[in-house]
Structures are given as C-alpha cells and as structure tokens.
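These protein sequence lines are chains W and Z, in that order.
With the numbering used here applied, the first sequence corresponds to residues 238 to 509, in that order.
With the numbering used here applied, the second sequence corresponds to residues 992 to 1379, in that order.
Treat the hints with caution; some may be incorrect.
Claimed, not checked - In silico EDC-like cross-links for lysine to aspartate or glutamate, where the CA-CA straight-line distance does not exceed 20 Å: (1) W:K406 <-> Z:E1076; (2) W:K405 <-> Z:D1178; (3) W:K408 <-> Z:E1258; (4) Z:K1273 <-> Z:D1178; (5) W:K263 <-> W:E296; (6) W:K448 <-> W:D376; (7) W:K406 <-> Z:E1078; (8) W:K408 <-> Z:D1051; (9) W:K479 <-> W:E337; (10) W:K405 <-> Z:E1076; (11) Z:K1219 <-> W:E337; (12) W:K408 <-> Z:E1076.
In short, the hints are calculated from the structure, not lab data.
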Amino acid sequence: MKRFIAGTLAVAVMGGGIALAKDANKIVMDGSTTVGPIAKAFAEYYMDKHPDVNITISESGSGNGAKSLINGACDVGNMSRPMKKSEKDAAESVGVLPIEHIIAMDGIAVVVHESNPLQGLTTAQIRDVYTGKITNWKDLGGPDLPIVVISRDTNSGTYETFESLVMKKEKIAGKTEYVGSNGAIRQRVMSTPGAVGYVGLAFREGVKPIKVNGIEATPGTVATRIYPVARPLYMYTNGRPKKGTPLYDLINLSGTPEGKKIIEATGFVPVN
Amino acid sequence: MPTTLGTMQTATRIMPSLLLSHRTRLRQRVGAALGNGLLLAVTSLSMLAVFFIFFFIARDALPFFRLEGVREFFTSTHWYPSAGEAEFGALAMFVGSGLVTLGATLVAVPLGIAAAVCLSDMIPFSMRQVIKPIIEMLAAIPSVAYGFFALIVFAPLLQQQGGHLLAVATWILGLPLVVLGVIVFSDVATDRLRDRPRLVIRVILMALFGGGALAGLAWIGHTLGALKIASGTNALNVSIILGIMALPTVVSVSEDALQSVGRELREGSYALGATRAEMLVKTVLPAAAGGILAAVIMGVMRAIGETMVVWMASGNAARIPSPWYNMLDPVRTLTATIAGDMGEADHVTGSARYHVLFAMALALLVFSFVCNIISEKFIRRTRQQAKG
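With the rest of the complex left out, here is chain Z (with noise of 0.2 Å):
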C-alpha cells in the first residue's frame, strides 16, 4: 500500500493550496476580468475595423452623390474624369466588373465542384492528400505574376491562336458532354420498351443524337477556329485567369462540404442498392448543396474583388462590349478603375473625382458584404443539416 500512502500525503500537501486566501481569490477574479475583457477587446477590434472601413468609405462615397447626383453615376458609359466637363458615368465599369466575374465563375464553378468531387469521392485517400495541396497552391501564387502571365504570355497567344484555342477548348470541354448527354438520353427515351427493341432503337438514337450533336460541335469549333482577336487583353483573358485563382477557393470549400456529408449517407445509399454515380448525383451533392453555393459565393467573391490581374490585362476600354456578352472585346473594371486613377485623385481638394472612387469603392463593398450574409447562412444551413 505504499502507492495509496503516497498519493494521500500527496493529497493532503495539496489542500491548503486549493483553501485560497481573500486576497488571491480577488487577484484571481480581477486577472480573469482583464483577460476576459482584453479578449473581447481584441475580439471587437477586428469587428470595429469592418465598421470603420464601411464609415470611412461611405463618408468619402457619399459627397459623390451630394456633387453630381446618383444617375449619371448609374446609368451613363461616359467616363471622362480628366475633362474639362468631367462625365462620372460608371455604367460600363458595373458592366465589366459583371462580365468578367461572369466569366471566371464559368470558368472556375464547373471545374472546382469537378474537382471537388473527384477528391472526396472518386480517387485514393492517399492521392487526394497530394493533389489538394497542389491545387491550393494556385491561391498562393500573387496576383501580379497571374496580371504578368495575362499579359505577356496570353494575350499574345490569344491574339495569334485564339481561334483554334477556342475551338480546342470547345471539343474538350463538349466532346464529354456530349458524350454522357447523348448515352443518358437514349437511356432515358427508350426506358419503357424491353429488350431487342429497346436495344435496336437505342443504338438507332445514339447514332442520331450523337451524329447531330458532333455535327454541331464541329460547327462550332469551326466557326470559333476562323475567328480573329483584334486584342489580347479582352474580358475572356482576364475571365480564365481569374477563374484559375478562384479555383482553389471553390475546390477548397466544396471538398470541405462534401467531406461533411457523413459517411453514414454514402452507405446507407449503397445500402439501397445506389451505384456510385446515383450516391453522388441524388445524395451527396444533394446534402452540399449549400456548402457548395457558398463555395461558388466565395470564388465570385474573389473573382470580383481581384485588381491587379484587370488592370494588367482586361484592356481598360471604358466601353460596355458591342454586343454585351462580346468576351472578345476589352472592358474595365471597377476595381482597376480605383487603382489606376487613385494617383491622379486629388482628395486635398476633395474633387468629385476623387470621391466617385469611393462611391465605387462602396459598391463593391456592399456587394461583397451581401455575398458573404448570403454565404455564411448557406454554410450554416449545411452545418446544421449535417448535424440533423
């Protein structure tokens, strides 16, 4: 009994320690009280600092309004800050920031949801812990080495090949579809008859479908091949690029929300007799949906907020594109507006020049701010659905 001997002696020099003094208890409370509140105070900090960005913001934004009136600002193309009779017309830089995010969110949402669920479904644990890092790479890489890339190696590549570029692209990413479109619509059509008719009419379809659609592809591609790029700093250069840097971003978050779908739904799917594809299609991604909106929510986010690559490589015209959807031609966005006409912005005198940048400035931030509220609640919804 040595042992039991011990830890009671033991015990019993530890008891008058745990008997606290008047005196060290009130130290006690009062060193809790500041730790708690120096916390909190480095807690709200951080919330102040959004605060004050928003007032700060807004007080600049606001005298815009007060000197030219809110029409202009919304509803004219006109940009000519530096003249004479300075026009403030911000309509085409709304367009182009629009377009652009447009693009990249093509660009990066079907391929990080791909990616997404190829990671956390399809290939070996031990794969995906090399590949995922590898794709998270991509948000390291600065931004300016993207602008550099846009504009000194693509945009000339656009401006040779862009043509046959396009029509690659177009078999590459429409061959698949067609491909899968074409097998699941015969599927589909002749579900209702049985065997050699069914079989007969389904290869008959295949052909039809899958002919026509090729046809139409190679139409396409065709039409794409023969196009000529004027200028290589367009709205489609600076879409790819900014789809590439919110790809990590997308695959990051969509992947975190699929890996949240327990296991328990993937098994009891199989357990119903699912196929691998069927546990994807109508119970996993499902269950992330919200997950993976907020994920898209992210990535338009970033691909919005991004200056530099714009204002390397989207062209800067302060024109909306002939017609809007034209990708091909250059556009201006309203960050690359901010940056590059900052240091001509006189805010001594505190011209309406310098203040339409904050009113943009504030638009952004709003829009921003929307998107996160959006955002979070679909991530909490996940979370809770998750749980449930």
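Bound-form chain W, shown alone (with noise of 0.2 Å):
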C-alpha cells in the first residue's frame, strides 16, 4: 500500500509538468511539517478511495506554504500558524483570496514521572523551569529533586508549538537535554524521577501529565481550546472549494468521521 502511494505520488510529480494548470484532479499541497502527517494521511486515504485523484505533498514550512499559495504554485497552504496580515495582502494583490480552514487541534501535554506529587503549574512556571530560573522541584512545591529539563530537538513542530506557546520570547536554558522523538522524550521521563518533558497528546501513557494553569491536557480541553498550550492547524485555499470537487471533500475530510480517525491517528485532536 505505502509502495503503491509512494508511486502514485512520484507518477504525481512526474506528471505535474505535464498536466493542465487547473486539473480538478490533481491537488497540490505545501507548508507546514506540522500538519504534512495530516495532510498526507488525507491524501492517502483520499487517492485510496479515488485512484484517478493525484495529490502531491511537499513540507516546507507555514511560512513557505503562504508563499506558494499566493503564488499559485499550491492549490492547499498548510499553516500551523493563522496567515499574517501582510500574508494576506500579498495575496489580495494578486488576486487570490485565502479561505481559512481550520481542521485540527495540537495540544502538547507537559509531563512528569509518575512519582512526582505536582499536579499542575503554570505557563509561567514553565517557562521558568525552561529557563533555567527554577531549577528545583521544592521551588515549585514538590520534593527536593533537581529538575532534569527536556526538550524536543528544535527540528520538530512539537518544539515549535511548545516555543511559540509557552516560551514566547524567551530563550531555553543551556542545560536542557535534547531528543529526538516524542518516544525518546516518555523514554526519558518515564526512567528519570526528575525530568519534566513535553509530548503530543498521544504520548501520556506511563508518564504524568500535569494541568498547565490549572487545566487537564485531554482531547477535549484542547478541542475546546480551553487548554493554553493548544494551536489549530490550518489549510488555506484560494477561495472557497466547491461543492464536489476533490479539493472540497479533501478539506472537509477533516470533519468526518474516517477523517477524525485519521487525525487521532497521527496523534492531532480532531475538532467539531
């Protein structure tokens, strides 16, 4: 199956150069690597179902996919982050008018080992503890136990959201540790009684996830928005689809139930 796709989207590109510039059939999609799982998960069930559809994927980040759209080199922008204003005129000036389609949520659990007593900080505690300006458990009310500091590498969206969310401006102390994977970061947490880490939401067994600002991390919370270190994600079109096309049911598999269950599967929240 993976070989079939991987062909069909090699075929895809191939074919681009090709094809006619306005193919309703062939749907080109850039930004984000956040929500390039998302995307291709989609496009993976989508040209499942109707194999005479190409969807070619590239990641090149929000910023880029914005770009692309405007200049009408993508049929889809991929954004883990709302399009800026100056985005947005960009694109009114040459005429394209960006429809914003929000179809998933990205909430970032914050977690402990299982033995640590804390239940919950906040988004500024956080940051000190990413900081380096508390450096032990006792300062935040737990016990006294150096705090381990982990983060994901800074290659990844889960960095990304975790940064723009929560660190805002502030930069994370040197002695933070670095791994590779959300796996790698439980792996860590799980084995370390004073690590404190952050997973996508999918990654809270056999660690502790505390309430940040007083909220529990849960599917619902973070569709709700309610959750602070929760972002939506996006995809921009030119306009709005119509009805029956396949850019229409692509961005609008996001709010069926296969398309639900493809998003909890790449481990995003879906929302309603």
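Make the complex out of the two chains shown on their own, each in a separate frame, by following the hints.
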C-alpha cells in the first residue's frame, strides 16, 4: 500500500509538469511540517478511494505554504499558524483570496515522572523551568529533587509549538537536554524521577501529564481551546472550494468520522 | 630419455608462439597501458573522493564565517540557531566533543593496551585465536544498538545505582593498581638495604602505604557512593559506551604493533636475564610505542566521529558542564548537532543555520585529518624500526 502511494506520488510529481495547471483531479499541497502528517494521511486515504485523483505534498514550513498559495504554486497551503496580515495583503494584491480551514488541534502535554506529586503548573512556571530560573522541584511545591529539563530537538513541530505558546520570546536554557522524538521524551521521563518534558497528546501513557494553568490536557480541552498549550492547524485555499470537487472533499475530510479517526491516529485532536 | 625428448618437443612447439607478431605485441602493449590506466583511475577516484569531500564541505562552511564571523563560533556558548536573533556559539559543542572523547580515551586506552599485551604475550596462542575475534566483534555491533543500550539500559541504571556503580568501579580499578604500586614502591625504596633490615622496613612500608592507599580508596569509594546522578544521559554514560566502541580498534592495532616486535628482541631480552615483566615493560612496549600511539589516535578518532550514540544518550545540552570536567552533566557534541539540526537547516535559502553545520563538519574533518597523518607517521616509524 505504502509503495503504491509512493508510486502514485512519484507519477503525480512527474505528471505535474505535463498536466494542465487547473486540473481538478490534481491537488498540490505545500507548507507546515506539523500539518504534513495529517495532509499525507488524508491524501493516502483519499487517493485510495479515488485512484484518478493525484495529490502531491511538500513540507517546506508554514511561511512557504503561504508563499506558494499566493504564487499559485499550490492549491492548499498547510499552516500551523494563522496567516499574517502582510501575507493576506500580498495575496489580495495578486487576486488570491485565502480562505481559512481549521482541520485539527495540536495540543502538547507537559509531563513529569509518575512518582512526582506535583499536580499542575502555570505557563509562567513552566517557562521559568525551561529558562533555568527554577532548578529544583521544591521551589514548585514538589520534592527536593533537581529538575532534569527535557525538550524536543529544534527540528520538530512540537518544539515550535511549545516555543511559541510557552516560551514566548524567552530562550530555553543551555542545560536543557534535547531528544529526537516524542517517544524518546516519554522514555526519558519514564525512567528519570526528576524529569519534566512535553509531548504530543498521543504520548501521555506511562508518564504523568500535569495541569497547565489548572487545566488538564485532554482531547476535549484541546479541541475546545481551553487548554493553554494548544493551537489550531490550518489549511488555506484560494477561495471557497466548490462542492463536489476533490479539493472540497479533501478539506472537509476533517469533519467526517473517517477523517477524525485519521487525525487521532496521527496524534492530533479533531475539531467539531 | 623419453621425458627429455618430450620436453624438448614441447619447447620447440612453444617457441613460435613466444615470437610475437608486431600486431600482437602492439595489442598487448595497449592492453597493458589500458589496464594500468584503469587501475590508476580507480585508485585516484578514492583519492579524489577525499578531495571532493574537503572541497564541498569547505565550500559550504566558508559562507558561514563570511555571514557570522569567526569569533562567535569559537568563543561563545550561546547556541540558539532557530531563535529570531540566531546565535551560533559552538564552544559548548567543542568542549562536549572534547570531554566525551577524553572520557572514551581514558576508558579504552588502558583497557585496550592491557588487553593487547595479554593477547600477544601472556595467554597461549590457541586462546588468543578465540579471544581476539570476540573482542573484534565489538566493532561489528551497529552504533545505534550501542545508543539504544546507553539510553534504555545504562542511563536509568546510572540514575538509580550511579553512585554504587562508580564506587564498585573505583575498587575494581583501584585495588590492583594500589597493590602493585605499594609492592613496587616499597621494593624500590628499600633497594639499598640488605637482608634483615630490608625485610622489616619493607613490611613496615607496605603496611603503611598499603593502609593509607586503601583508606584513600575507601574514602573515594564512599564519596562516589553517596553521589546522586540526576540525569543518566550524560558525558559519563557516552564516554563509557564510546570507550567500549573504541576498544576493538585499540586492541587490534596495538596487538599488531606488539606482534611486529620480532621474536629476536624478546628472546634477546630473556637471554640477558630479564623476567617476563621486564621484557614486556622495558623492551617490547618501548619498541612498539609508535604503533600503540597510532592505535590510541585511531581510537580517539573513532570516539570523536561517533554520532548515533551521542545523539541518543549524551543529553544534547548545549552548555559547558560546570566545572568543565564534570562528567555527570549532559553535553552536546559536534557530530550530534550536525545530525540533529540537519533536517531543519534550510539549504535552499543558504542560511547561516545551514552553513554553520558545515563549519562544524569542517572542524571535525580537519581534526581527524591531522590525527590520521600523525598516526600514519607513527605506524610507518614503527615498521621501519621493526625492520631495522
């Protein structure tokens, strides 16, 4: 199945040069690496149902997604942040009307070792831990234990989200340990009593998620945006896609039960 | 005489074919030239590869220095490549790489040389034939497997039992050293005395120094035993694992160097009345010193170039440990930074973030190049000495 998809993608890429620009059965997506997995899973699912439709996906970052949409280089701009005013203005000036579709929510749980009695922290406290201002759990009402601060590597979308929602403009301290995946964070936190880390919602098992600003990280609180370390993920299209077109079906997949299942499987939270 | 006749007949039959026609000779000459050329081309291809690697890495590294200057890279410890106001201080990575390599060398070199001496001069040949391949098997284990072990098994173990482990290691390493040192020292100190006074003073000295050294060892063990290790992914963890990874290189090359010291030297040494220990320490080891040094350098190169283990188990904290020799702090190495940041670095826009990784690669390349040249030189010198 995977190979078939890859083959289709390759054919689609090669065919792209030859095919007419406005072929309704050919969809090009570009943008955020965070949204990428959802887009890929959607494309896989959709092309499986409709073998005549070709979907190509590039992951070049949210900014580039907006740029491509404005240039007309893609049909869907995947973004992990809303479009800026400057980008909207640029789009208008070339006659592109960006329409926002929220396809899923991205929530990040702050996790500690299961033996840690701490119930919750505020975003300001979490920021102080990550900037190195607080170095011992006893300063947060926990046991007398040095805090082992663990972060995702700067490559990841999870890091990007955490940095923008929690760290704001402050820099993560030098002592912070970096690991390469959500699973690796869970592994480190599971085996280290003094550890604190952050993971995508799907990786909460085996570690203890703490409340942030008094709110628990659950799919419910993330979907309703009550939980503070959560953000919507967007797909932007040029104008409202017409009903019945593959583009319309693809974008609206996020509202269907199958689409929600796909979103959950990729570790994100579907919206209602 | 039928046989002689037979050979003569064959010879006459071969003779004409030895006289080649002009054309055949030309063909042969062209064939030889082509073959030689092809071999030369293949050989120079691998040499060209080295040049190309140097060229392309330098080509992508230099724009970084043009964009950001040289000073920050080598002197600052602020590593924030993805921040709005990006900072590219790589000093912490240089220190991290250095510390981890130093630790690995401290693990691999004494163990490796001791093992090499044991393999080449102590145990029977049949046992060596079994043990050496087993040690060399360490080199065949993929580094990701080492990394997995370091992260999943060794790091939690260090966190839970770190102090006790260190204490036990101190005893295992310290006790033989102390015993040997005390015996040798008391022996040497009483060298001038004779007979009974010598015996008595030697025993007194041994008891004195032995007691002191043991007390010291106990104190170190106790201090280490009380140590709490907050995070098991640290410089110590990777140093030990990298040391084990470098071990087969050190053992193998040192053992070859010891073997290449001829039998004549060993027998000559015995003939002059040397004991086995004297033969080894005073004759064989000095004669093989160059080769052993080359082995050490190759072990160092193995440790500094390793990526997967350090990326998985060193903690990757871009900070100089405090104090700098604190092996229990997490560190970040050059190799891990290159591997970890490559995915994000945008090569299309040619940002400083992309080129900084090449600057690191260039630093590593220059270092291993220098190491390689030095070790080559030592190996060559040993070979010449062995011949002469």
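Comparing the hints with the structure gives:
no., hint, verdict
1, W:K406 <-> Z:E1076, "holds (10 Å)"
2, W:K405 <-> Z:D1178, "violated (68 Å)"
3, W:K408 <-> Z:E1258, "violated (67 Å)"
4, Z:K1273 <-> Z:D1178, "holds (18 Å)"
5, W:K263 <-> W:E296, "holds (17 Å)"
6, W:K448 <-> W:D376, "holds (17 Å)"
7, W:K406 <-> Z:E1078, "holds (14 Å)"
8, W:K408 <-> Z:D1051, "violated (28 Å)"
9, W:K479 <-> W:E337, "holds (15 Å)"
10, W:K405 <-> Z:E1076, "holds (14 Å)"
11, Z:K1219 <-> W:E337, "violated (52 Å)"
12, W:K408 <-> Z:E1076, "holds (11 Å)"
Violation of the numbered hints given earlier is confined to hints 2, 3, 8 and 11; the remaining hints are satisfied by the structure.
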